[in-house]
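Peer 1: Full structure from sequences and hints, please.
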Amino acid sequence: MSIQRVKEVYIRSYGCSMNLAQSEFIAGCLRNYGYNITNSIKEADIIIFNTCAVKKPTEDKIISAIKAVPEDKKIIVTGCLTMVNLNRILSEARVNGVIGPFPGSAIIDIVKEVEKNNKLTILRNDFKPPLTTPRIPTSSIIRVIPIAYGCLGECTYCCEKIAAGYLRSYSIKEITEAVKEAISKGVLEIWLSSHDCGCYGYDIGVNLGKLLREIIGISREFYVRIGMMSPDTALKIVNELIEAYRSGKVFRFIHIPVQSGDDHVLKLMKRKYTVDDFKNLINKLRENIPDITIVTDIICGFPGETDNAFENSIKLIREVEPDFVNVSKFGPRPGTPAAKMRKLPTRIVKERSRIMSRLATDIAIRRNMKWIGWIGNIIVDEEGRNGTVMGRNYAYKPIVVSGGRELIGKIVKVKIIDVASTHLKGVLVN
Numbered sequence: 152m153s154i155q156r157v158k159e160v161y162i163r164s165y166g167c168s169m170n171l172a173q174s175e176f177i178a179g180c181l182r183n184y185g186y187n188i189t190n191s192i193k194e195a196d197i198i199i200f201n202t203c204a205v206k207k208p209t210e211d212k213i214i215s216a217i218k219a220v221p222e223d224k225k226i227i228v229t230g231c232l233t234m235v236n237l238n239r240i241l242s243e244a245r246v247n248g249v250i251g252p253f254p255g256s257a258i259i260d261i262v263k264e265v266e267k268n269n270k271l272t273i274l275r276n277d278f279k280p281p282l283t284t285p286r287i288p289t290s291s292i293i294r295v296i297p298i299a300y301g302c303l304g305e306c307t308y309c310c311e312k313i314a315a316g317y318l319r320s321y322s323i324k325e326i327t328e329a330v331k332e333a334i335s336k337g338v339l340e341i342w343l344s345s346h347d348c349g350c351y352g353y354d355i356g357v358n359l360g361k362l363l364r365e366i367i368g369i370s371r372e373f374y375v376r377i378g379m380m381s382p383d384t385a386l387k388i389v390n391e392l393i394e395a396y397r398s399g400k401v402f403r404f405i406h407i408p409v410q411s412g413d414d415h416v417l418k419l420m421k422r423k424y425t426v427d428d429f430k431n432l433i434n435k436l437r438e439n440i441p442d443i444t445i446v447t448d449i450i451c452g453f454p455g456e457t458d459n460a461f462e463n464s465i466k467l468i469r470e471v472e473p474d475f476v477n478v479s480k481f482g483p484r485p486g487t488p489a490a491k492m493r494k495l496p497t498r499i500v501k502e503r504s505r506i507m508s509r510l511a512t513d514i515a516i517r518r519n520m521k522w523i524g525w526i527g528n529i530i531v532d533e534e535g536r537n538g539t540v541m542g543r544n545y546a547y548k549p550i551v552v553s554g555g556r557e558l559i560g561k562i563v564k565v566k567i568i569d570v571a572s573t574h575l576k577g578v579l580v581n
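Counting with this note's numbering, you get residues 152 to 581 for the letters of the sequence shown.
Honestly, the hints are just simulated from the structure, not real lab data. Treat the hints loosely; a few may be bogus.
Simulated pairs of lysine-lysine, DSS-like, Cα-Cα distance not exceeding 30 Å [said to hold, decoys possible]:
1. K418 <-> K466
2. K466 <-> K435
3. K400 <-> K418
4. K387 <-> K336
5. K423 <-> K312
6. K435 <-> K400
7. K400 <-> K206
8. K421 <-> K207
9. K225 <-> K206
10. K421 <-> K400
11. K435 <-> K207
12. K480 <-> K212
13. K491 <-> K561
14. K491 <-> K418
15. K494 <-> K421
16. K312 <-> K270
17. K331 <-> K361
18. K218 <-> K480
19. K561 <-> K336
20. K207 <-> K331
21. K263 <-> K224
22. K501 <-> K480
23. K480 <-> K331
24. K430 <-> K400
25. K218 <-> K267
26. K263 <-> K331
27. K218 <-> K312
28. K480 <-> K400
29. K423 <-> K206
30. K400 <-> K561
31. K312 <-> K336
32. K224 <-> K267
33. K279 <-> K435
34. K193 <-> K267
35. K494 <-> K521
36. K193 <-> K212
37. K158 <-> K267
38. K312 <-> K418
39. K435 <-> K423
Model, not experiment: these values are computed from the prediction.
Peer 2: Quick look at the structure:
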């Protein structure tokens, strides 16, 4: 009687923190079903690619990685790219199974069929795995907790609505139970994740403010990072956000992508706010929480962006001075209205991106300089390069200090002595 070898599965994740959580769920479900999860492609029998669809360069990397997998391995593709550009996946790569994003335990059905040499495709963008789904955490310090999938936006450049569908929120009880479970295991950072955290609960009659109040009320030492919010949804709950930031349990950090500083371009993008709305939001946040870290996104070269419109974006960033700006060159995504709009010349898009990036870097360094001399506690949550570790302070500023893995998970006191555009540099204080 032959003993059947346990199959090894390798999972590669691309994109946002939401995808990281999904890969942890996939790993947990497969381990519970009897598979081994490996960190080595060489050892794996089955490779699962959990994909991202936001930008074409990432899509190109994913396709190249799938094509590079040896012939003796079975390949399953999940994640957002399956809904956005399935044709490319199937036409350019050798794939044994496909399943839409956020599959949870449904991944087992695909894996079982692929093991039998059957090809199976399950295209759905309405999965919503329970937060009690088994998972294998990639960090003992950080826990990403999805609070909702999908969104209520209709942005013309964005393919996430195609990928993730309409808003599907978890109940406050489900989320708070997941938070309690995580902190009982020593987790110090809770990342609330969604495609737009600001519209959490619209579909179930609650909002992010109510959720935050419940989480803040949990007794234990931990800190909450609120994920990305659209300016219009953040503006509706700004008072509740300020209340949460003042609690001491929520990182004083907000990621609110403005995308353009020109109202006409915002209309072309079908964003649901004006430049003044964004400025009012920033002003109110800084008036009440002066040391809040503000991160935003700008798309350079969107179709219809004139020289004057781009100048308006430059003016906005100069005026608002975000702590960090994610600068992107416009790239059309399949199935989006913007993909049908007349593109600007590549030369212009590249030049605008270069100008905006330089401005953003200068502002980031200038704002970071204000932290020099600061002394306070950080949570060490990541191993760095060349004998360093990285931690976060109460404003979620990334701070690099010398030290080894033994510091990870510790709360240590540091002094800021230098800065870069992307982080602060500190030394340990007794």
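Peer 1: If a hint holds in the structure, say so; if it does not, say that too.
Peer 2: Results for each hint:
{"no.": "1", "hint": "K418 <-> K466", "in the structure": "18 Å, holds"}
{"no.": "2", "hint": "K466 <-> K435", "in the structure": "19 Å, holds"}
{"no.": "3", "hint": "K400 <-> K418", "in the structure": "36 Å, violated"}
{"no.": "4", "hint": "K387 <-> K336", "in the structure": "34 Å, violated"}
{"no.": "5", "hint": "K423 <-> K312", "in the structure": "15 Å, holds"}
{"no.": "6", "hint": "K435 <-> K400", "in the structure": "20 Å, holds"}
{"no.": "7", "hint": "K400 <-> K206", "in the structure": "33 Å, violated"}
{"no.": "8", "hint": "K421 <-> K207", "in the structure": "21 Å, holds"}
{"no.": "9", "hint": "K225 <-> K206", "in the structure": "26 Å, holds"}
{"no.": "10", "hint": "K421 <-> K400", "in the structure": "34 Å, violated"}
{"no.": "11", "hint": "K435 <-> K207", "in the structure": "36 Å, violated"}
{"no.": "12", "hint": "K480 <-> K212", "in the structure": "17 Å, holds"}
{"no.": "13", "hint": "K491 <-> K561", "in the structure": "51 Å, violated"}
{"no.": "14", "hint": "K491 <-> K418", "in the structure": "16 Å, holds"}
{"no.": "15", "hint": "K494 <-> K421", "in the structure": "17 Å, holds"}
{"no.": "16", "hint": "K312 <-> K270", "in the structure": "27 Å, holds"}
{"no.": "17", "hint": "K331 <-> K361", "in the structure": "17 Å, holds"}
{"no.": "18", "hint": "K218 <-> K480", "in the structure": "26 Å, holds"}
{"no.": "19", "hint": "K561 <-> K336", "in the structure": "14 Å, holds"}
{"no.": "20", "hint": "K207 <-> K331", "in the structure": "38 Å, violated"}
{"no.": "21", "hint": "K263 <-> K224", "in the structure": "14 Å, holds"}
{"no.": "22", "hint": "K501 <-> K480", "in the structure": "7 Å, holds"}
{"no.": "23", "hint": "K480 <-> K331", "in the structure": "40 Å, violated"}
{"no.": "24", "hint": "K430 <-> K400", "in the structure": "26 Å, holds"}
{"no.": "25", "hint": "K218 <-> K267", "in the structure": "22 Å, holds"}
{"no.": "26", "hint": "K263 <-> K331", "in the structure": "33 Å, violated"}
{"no.": "27", "hint": "K218 <-> K312", "in the structure": "27 Å, holds"}
{"no.": "28", "hint": "K480 <-> K400", "in the structure": "35 Å, violated"}
{"no.": "29", "hint": "K423 <-> K206", "in the structure": "22 Å, holds"}
{"no.": "30", "hint": "K400 <-> K561", "in the structure": "17 Å, holds"}
{"no.": "31", "hint": "K312 <-> K336", "in the structure": "34 Å, violated"}
{"no.": "32", "hint": "K224 <-> K267", "in the structure": "13 Å, holds"}
{"no.": "33", "hint": "K279 <-> K435", "in the structure": "35 Å, violated"}
{"no.": "34", "hint": "K193 <-> K267", "in the structure": "21 Å, holds"}
{"no.": "35", "hint": "K494 <-> K521", "in the structure": "40 Å, violated"}
{"no.": "36", "hint": "K193 <-> K212", "in the structure": "19 Å, holds"}
{"no.": "37", "hint": "K158 <-> K267", "in the structure": "13 Å, holds"}
{"no.": "38", "hint": "K312 <-> K418", "in the structure": "18 Å, holds"}
{"no.": "39", "hint": "K435 <-> K423", "in the structure": "19 Å, holds"}
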